[in-house]
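Mind docking chain B on chain A? Use the hints.
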Amino acid sequence: MDSHSIATEQVHAEHGHPAHLRHHFETVEQQREASSFGMWLFLLTEIMFFGGLFTAYLIYRNWYYPAFVAGSHQLNIWLGGINTVVLITSSFTMAMGVWCAEMKNKSGLVLALGATLILGLVFLGIKADEYHEKWEKHHIPGASFSVESFVHPDDPKETPLAYDMAEKTQMYFFLYFAMTGMHALHMVIGIAILGALLVRAWGGAYTDGHMTTIENFGLYWHFVDIVWIFLFPLLYLISRH
Amino acid sequence: MAEHADHPVAEHHAHHIVSPATYLLIFGALLLGTAITVGASYIDMGPWNPVVALAIACTKAVLVILFFMHIKYSSKLMKLTVAAGFFTFLALITMTLSDYISRAWGLW
Chain A
4 MDSHSIATEQ
14 VHAEHGHPAH
24 LRHHFETVEQ
34 QREASSFGMW
44 LFLLTEIMFF
54 GGLFTAYLIY
64 RNWYYPAFVA
74 GSHQLNIWLG
84 GINTVVLITS
94 SFTMAMGVWC
104 AEMKNKSGLV
114 LALGATLILG
124 LVFLGIKADE
134 YHEKWEKHHI
144 PGASFSVESF
154 VHPDDPKETP
164 LAYDMAEKTQ
174 MYFFLYFAMT
184 GMHALHMVIG
194 IAILGALLVR
204 AWGGAYTDGH
214 MTTIENFGLY
224 WHFVDIVWIF
234 LFPLLYLISR
244 H
Chain B
535 MAEHADHPVA
545 EHHAHHIVSP
555 ATYLLIFGAL
565 LLGTAITVGA
575 SYIDMGPWNP
585 VVALAIACTK
595 AVLVILFFMH
605 IKYSSKLMKL
615 TVAAGFFTFL
625 ALITMTLSDY
635 ISRAWGLW
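Chains as they are written, first to last, in our numbering: chain A, 4 to 244; chain B, 535 to 642.
Isolated chain B, as found in the complex:
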C-alpha cells in the first residue's frame, strides 16, 4: 500500500463546469430542430425527406453529446470512446447493408 502521507494528492482539475446559459442555448436549439423536422416532413422533397430528417436528428444528437453529455469539454480518451461508438454503429449498418445489397435486394 503506497504511503501518500508524504505527498498530498494533487487535484488535477481539468473538470470544466458547463454553465446553465449554455444548457439553455442548446435546449432552445433542440426545440427549434424538433419544430423544423416536423415542418419539413410536410414538404415534399422526394427522396430527400428521410435525408433531411436524419440530418436534423444527427445534429440534435451531436448537440446533446457535445454539451449535455460534456464531450466537448472532455479528454481525448472520452472523445475517442464516443467516436469508437459511432464507428462501430456505422460498421453494423454498412456491413449489414452490403450483405443485403449484394445478395438479397428485391428478393422478398
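For reference, chain A alone in the conformation it holds in the complex:
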C-alpha cells in the first residue's frame, strides 16, 4: 500500500492538491463534474420511474375523464397550493444552503438545511392530514371504497356520475395515492438524509471547500420539488371552473 492512498493533509499538501481530491481525478473540477454527472444519471432513472406513473395517469385521465374530474374535486385546492408553496420555498432554502457551503458559511448552511428539513416535515404533515381525510370519506381504493359521494354528491354544483363511471374514480384515487405516495416516500428519504447532512454540517463538513455532497443532495431535493410541480396541477386542478 503506497503512501499516496493515505489521505492525510500533510501528504497531499506536499504534492499540491486539496485532501478531498481523489487520486483517480486530475483536478477538483473534474471530480466535482464526475459526481454531478453520476447524480444526474440517477435523476434520469427517477424521471423514467415517475414517468411511468405519469403515462398511466395520461391514459386513464383520457379514458375516464368525468371520473377524474369528480375525483380531483375531492382534493382540497388550498392544502395542495400551500404544499406547493412549501416545497418551492424548501427548494429556495436548499439553493441558499448550497450557496452558504460555497461561501464556507457554516451557520448559514446549518440554518438553510434546517429550514429545508422543517419545510419538508410541514409538507408531509399536510399530506398526512389529506390522506386521513380520504380514509374518513372512504376514498382509499380497495374493499372500503365507496362511490356514494360521486353518485349522490353533497355539493349541488357537482354533476352526479353513473355507477359505472363512478367506479372508475377508484382509478383516479389509485393514481393519486401511488403518485403522491411515491413522492412522499422520496420526501421521507430526503428528510432522513437532510438530518444526517445537518449533523455533519454542524461538525464543520461541507464548509471546508468540499461541498459536492450538498450540491448533489440539492439536485435530488430540487428533482422531488419538480415532481410535485407537475403532480399539483394534474391531480388538484382538473376542471375547477
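No lab work stands behind these hints: they were computed from the structure.
The C-beta atom is built at its ideal place from N, Cα and C for all residues, glycine as well.
To give an idea of the interface, some chain B residues facing chain A are shown, with a C-beta separation under 8 Å as derived from the structure: (1) L564; (2) V572; (3) S575; (4) I577; (5) D578; (6) N583; (7) A587; (8) K594; (9) A595; (10) V598; (11) M603; (12) M612; (13) V616; (14) A618; (15) G619.
Listing some non-contacts, in silico: residues in chain B with all C-beta distances to chain A over 10 Å: (16) K606; (17) S636; (18) R637.
Each pair of labels, with its calculated beta carbon distance range: (19) V154(A) <-> M579(B): 26 to 32 Å; (20) P21(A) <-> A638(B): 57 to 63 Å; (21) Y634(B) <-> G198(A): 39 to 45 Å; (22) I192(A) <-> Y634(B): 28 to 34 Å; (23) A569(B) <-> H135(A): 24 to 30 Å; (24) H549(B) <-> K137(A): 42 to 48 Å; (25) D633(B) <-> P21(A): 50 to 56 Å.
Same frame as chain A, now just chain B:
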C-alpha cells in the same frame, strides 16, 4: 501511480457560483407561476386548460433546472445529460401513446 510532485494540480475553476439574488428572483417567479396556474384552473378554456397548466408546470420545472440546479452555468456534458433525460421521457410517452392510439383507443 503518477508522480504529481513535479507539477502542482491546476484548479480549473469553471465553477460558477449563483448569487442569492438570482435564487430570490427565481423563487418569486415560481410563486407567481403557482398563483397563475391556480387562477387559470378557474377559467374555462375548454381543451386548453390542461395545456396551459402543463405549460406553466414545464416553465417552472425549467426555471428550477436552469437556476436552482445550476444547469445554465454547467458544462455541455451536464446540459446534454439533462436533454437526454427529457428525450427519453418523451420517448416513453410518445411510444406508449402511439401504441394505444393505433390499437386500443376507445376500446375500454
